[in-house]
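**Q** Here is what each chain is made of, one letter per residue.
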Amino acid sequence: MIAYRTIEQAAFQLMEKAAIDIPEDYRRAVAAMSEREQGLSCFVLKTMLDNYAAASADRRPMCADTGLPRYYVKAGNDARIEGGFVALEKALRTATARATKSIPLRPNRVHPLWRTDPNNNVGINAPEIDWSFEPNADWLDLTTVHKGGLFGSDYRMLFPGDGIDGIKRFLLDTLVAFGKRGLACQPAIVGVGIGGSKDACMMLGKQAACLRLVGDRHPDPKIAELEGELMELGNRIGMGAMGFAGRSMVADLHIEVGHTHTGGMPVSVHTFCLSSRRATVRIDAGGARHFRDDPKWFSDYSRRETVE
Amino acid sequence: MSAPAQTRLKLPASRDDLARLRLGDAVYIDGVVYTGREGVYRRVLEEGAKLPLPPEQTGRANFHCSPAASAGDGGAYKVGGVTATASFRFAKWMKEWFEISGANLIIGKGGMRARDYRELFVPAGAIYLTTVGYGTGALLGRGIRRVRDVFWLEELGNAQAMWVFEVENFGPFLVESDLSGNSLFEREGARINANIESLYRGLKSPALGRFGETGDRTDEVI
Ligand code: SF4
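Chains as they are written, first to last, in my numbering: chain S, 1 to 308; chain W, 1 to 222.
Hint data in this document are derived by calculation from the structure and do not stem from the laboratory.
No farther apart than 20 Å at their CA atoms in a straight line, the calculated lysine to any residue pairs in the SDA-like style are these:
#, chain 1, residue 1, chain 2, residue 2
1, W, 78, S, 59
2, S, 46, W, 7
3, S, 168, W, 203
4, W, 204, S, 158
5, W, 78, S, 57
6, S, 101, W, 71
7, S, 46, W, 5
Taking beta-carbon pairs under 8 Å as the criterion, some of the chain W residues facing chain S (in silico):
#, residue
8, 4
9, 67
10, 70
11, 81
12, 110
13, 135
14, 136
15, 188
16, 189
17, 191
18, 195
19, 196
20, 199
21, 204
Since this is a predicted model, take the numbers as computed values, not measurements.
For glycine and all other residues, C-beta sits at the position ideal for the given N, C-alpha and C.
Only chain W is shown next, with the shape it has when bound in the complex (with noise of 0.2 Å):
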């Protein structure tokens, strides 16, 4: 298997430019991205606040991740390391989300399950690209050019406000799920369940079993 294809990613991206993007590709983003967890989504979407800014002013980037940011001499904000946090746990303020906010394109770390894009990310056109390794706080931390602006600071605190920043050669990020819907960790998974029953075979089973077991080592226990 080769190395991944690498890209440059203007944003907000079109249809066009997220068609043209296939599974494990290696994206670098310019333009805007902000972050949002379930802090910003409780907030418009359950208690109905307004969406501080319009979807074309967001880069329709929505990034799953608390910065470590510190207020620095004369206001300005500093970024030092920006790691994503596991997307998995917001599937189910997605479709609403994507409906309100105009996002076609989530950034975060792990992915979500494959049914979760075909139900929720295909209808909206939006694609997951993951984080890479995942600990890249430093590389990242790099392609963050400026903060422009962050909402709800006060109300929210630092790791979950709405934190706007203006990227270049941001990344790289993987390509975790495509306009159809595929998902490359499923893809991989896939190759790997195959292995997994006979890593155990001849293993004698242990004297106490345990509540909870599912028996089938191929489930995920997200």
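In isolation and in its complexed conformation, chain S is listed as follows (with noise of 0.2 Å):
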């Protein structure tokens, strides 16, 4: 049985890491890619760097805007949850209060019409909760994004004889747009969400921008080829941080696909950005946290075509 306590203080613990500390592949990713470039591009590379460390240092978040944080919840099949999912939900809001004030956090949670404040990041529908199971197993993996960015993503309706030109296009429109004057905070890691329904759609391409790592390539090999080709376009608009003249619009690109209505291919883009925020924990059935940086988010099972 996990504690409700436990995963209370855990999902705290993942607050504070995700709010300070720039996870490592995508500072490595930046890192390197200020090796590459030059001029004003290089610095505004250089100067991100040393914003993490600064962040890191004085334990403060790196950036101003703590974005909205959320979680993702990947149950064992065999985790026992002291009172259950409303307990398991009631500790993560719980948390996420309490972070919000300690940390802090600012409080961007607002009402969409009456722009009223709680000031805790907690409200109607936040912050969101994903859930996805994996068979035996008996524990439970937090993972908490705090995604900021008001610009950079975007979903179209294509259609099949579009093709993978359809998508470049869509992804050159979305890159161009908010790349110019680094709207984006690019470099991004970009998500792709390819199929499903509308919803599942832009699901896929969060979750793909959000939770796999840099490096990380797609199982299937015609995917993982697509998801180098698409970088590498992204890389030749010409533009880098800021939406100067450079090659750094594109930390990483990932795609996740689901399958859809016959007459249709539905396209998602993400962009997250260079405060790109997660953290992930693993609680075991005895209570033990293990925090890493990969969220494993998708796994075999995830992605399953078959009917089992």
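Both chains are sitting in their own frames, so use the hints and assemble them into the complex.
**A** This is how it looks when you write it as structure tokens:
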């Protein structure tokens, strides 16, 4: 049985880790790009590296816009949780409110119409909690993502005849529009969702951007190849950080797919910004917490194609 | 292209100080800056409230930002991170704001349209500095020595209040517009635009067109 207190504390620790410490895979990608760039684009990336170091040393958030904190929960099929799933959701909401006060995080969550701010990043459908399950396991994986950025994500219904060209056009449109002046706070980890129904398409693209490490490739070799091709296209725009001339638009590009309507090919594009904040913890059946960088959200089981 | 030149700038800056800055220079600031965005602009320009400080005590430097500030022990304010907010939304207030506030430095995110520099900034003898990145919240937070004052906190809330900061080695910022109204973003955008058509070459048109498409990918969306 995993105790309520353990979950609440683990979620609180995740909030702090995500807000302050840049994930190592992304930091390394920015460092590598700073070596390849020159002039202004290089200066911007080097400044970002200084900023990550300052955040970790001072224990202050790397970006004053601490984004929208949210959770991804993967539960082993045999995991037992004190108080059940309702208690788990309560633990995540409580940890969010507590972290907002004590780190502090910016209370970004407001009512969409009345703009009222409960000052704790908790509200209607907030923080979002996405669920997934894993067979033959008794642990609980919690991941938090603090995604900022009003700019850089889009959705489009394409058609099968539009093919890969259609996906490329849409990707270019999105990156060019939001890359200018660096509105997307690039270089970004770009997620592309292809297929599913419209909402699943958005969700898959978002998860592709936020829940896979830089360097990770899709297990389907043809999709992996397309990931490389689209990434190369994004960096060929000639745009770097802040929209200055350069080649650092895309730190990496991940694709996730879902079976879709026979007549359509919905596509979504998401950019995970210079503050690509995510953190994961596994709570084992005994209650021990193991923190790690890789959310390991996608698994053979979650990508299964068969009936079973 | 070489790395940008680095400059320390003491505020309030004289016209000569600003004239020395070149597009793309990296600037670090010492002195006083204040935050002001739509809340402050509305209050002063639309509701006629008096500016709480004379221009010489504001550093003449208006920062488009909402700090992550909280009241610490003994009532002193603690500032964690600082990140600018996108400035292009504030252009409509700038002409009057320059007249009333005496500002000659606007600091923010992403700049304004080149036309705004020529029509609004040049007559006021003002330039624009952009934050870098833009997520350099931790670095900029370090540069804030003290919260000297905060006005209209109750009326406008934490994000919209007018915060007055004492800053030291506060930066880096990049010079986005100069006293002649040239724009760094415009210059860089033109370099990138030259390549854009070629990226689309050979990609077939989609089955379904869309309302609102300009067809011209060199346009900006702001
Ligand atoms: S997009 Fe990311 S880096 Fe940019 S201001 Fe928002 S949270 Fe910060």
